[in-house]
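Take these sequences, add in the hints, and give me the full structure.
Per UniProt numbering, the very first residue in the sequence shown carries number 1; after that it's consecutive.
Incorrect hints may appear among the rest.
Simulated crosslink set (DSS-like; lysine-lysine; CA at most 25 Å straight-line) [claimed, not checked]:
#, residue 1, residue 2
1, K27, K143
2, K298, K331
3, K2, K27
4, K27, K247
5, K418, K247
Honestly, the hints are just simulated from the structure, not real lab data.
Predicted, not measured: the structure shown is a model, and the values here were computed from it.
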Amino acid sequence: MKRIVVLGSTGSIGTQTLDVARRHADKLEVVALAAGTRAEELLAQAREFGVHHLAVGDGRLAGEPVADELAAQARGGAQPATDAPSSLAEAVARRSAAGEGSLGFGAQAVADLVRLPEADIVVNALVGAAGLRASYETLRAGKVLALANKESLVVGGDLIMPLAAQVDAQRRAAGAVPAVGPAGALMPIDSEHGAIYQCLLGEDAREVARLWVTASGGPFRGRTRAELAAITPDQALAHPTWNMGAKISIDSSTLMNKGLEVIEAHHLFAMPYDRISVVVQPQSAIHSMVEYSDGSVKAHLGTTDMRIPIQFALSYPERWDAPVEPLDFTKLGSLEFAAPDTGTFRCLALARAAGERGGTLPCAMNAANEVAVAAFLAEESTYLGIAACVEAVMDAHDVQPVESLEQLEAVDAWARTKAREWIAAQ
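Structure below.
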């Protein structure tokens, strides 16, 4: 049994992670859950999976009636089973009531869950820069990090990757790694990075010529800047192929999401930026590709469903039964490829520029983007204003080498203030 903590359990990735756990109750046990604000949903999940270690990121909810129900659930306690149950119902039914669980409120309470001694894997599905500390603490605790939080690497890749290497070394020394392949301390959940990870299995990294990160192109592929001037939040949220949360859907439409993924790929696979390319693949059937020195290209194809990369991150080095209907190639039709329009969708170029400059600039860029996206969703700024705000904050930032989490948190706070000032001045 692999025992997992799910941070951001009520969001898109979190709920799909729990669906994977539901389907594989004989292999996965959920031991802790954390949500940001959806406490009622968190409570329902905790009851279904018999979870007694809980955290709510929004500290204001500690005074709400739902807090009493969450506390009662936590008091139920939990004792890990010694053998695999045959179903989720059996897994929950046989949990012992001996011992106490835990309930906390606030960002620190969420991060504290990663240090539970019974936890093996932490799924970090938190949204935004808030996920960085949780990733850092997960690896410091020697746990496997299944990472869906892009910002952990975009903002703190210089801190996270050395920690992951240390945990890999610890796992090798303990004999807790596959006979072949990566040690698996950091498993990417992103569809694109999960695809690249799998295309690299069994290969010599020195023979990789290029990483191809695929993009759907979002809902506005082919539009001009003039046509984007009056875009509304509802239009930008309507992604053509993926079902995602609001923030990542907006990032996908601006191509900022691809820019963040380029920075992630740089850190995850130790690949220079000039060997990472983005290609638009509208059908989203090819999730990414790896090109080798002899001209061969490996492409990872599959159904457009995040449960596939989530499950692989949890099952590695094994492959479990497909969580969704596999891709039917007789019905797929054509595959299209195109270069991204970085002139119209400037966020991709801005993110790549931030990554290439490095240091604290990706942190400032990311924070400005989060503020700009939130302002657009609240109809306080325009769609094109997202890129303009990000560029203004990047231009104003004094770039420094990355030294600590505290430094990055200070840069994040500065950039958010600067972005809000820029938006208010428009």
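message: Going through the numbered hints above, which ones does this structure break? Give me the numbers in ascending order.
response: 4
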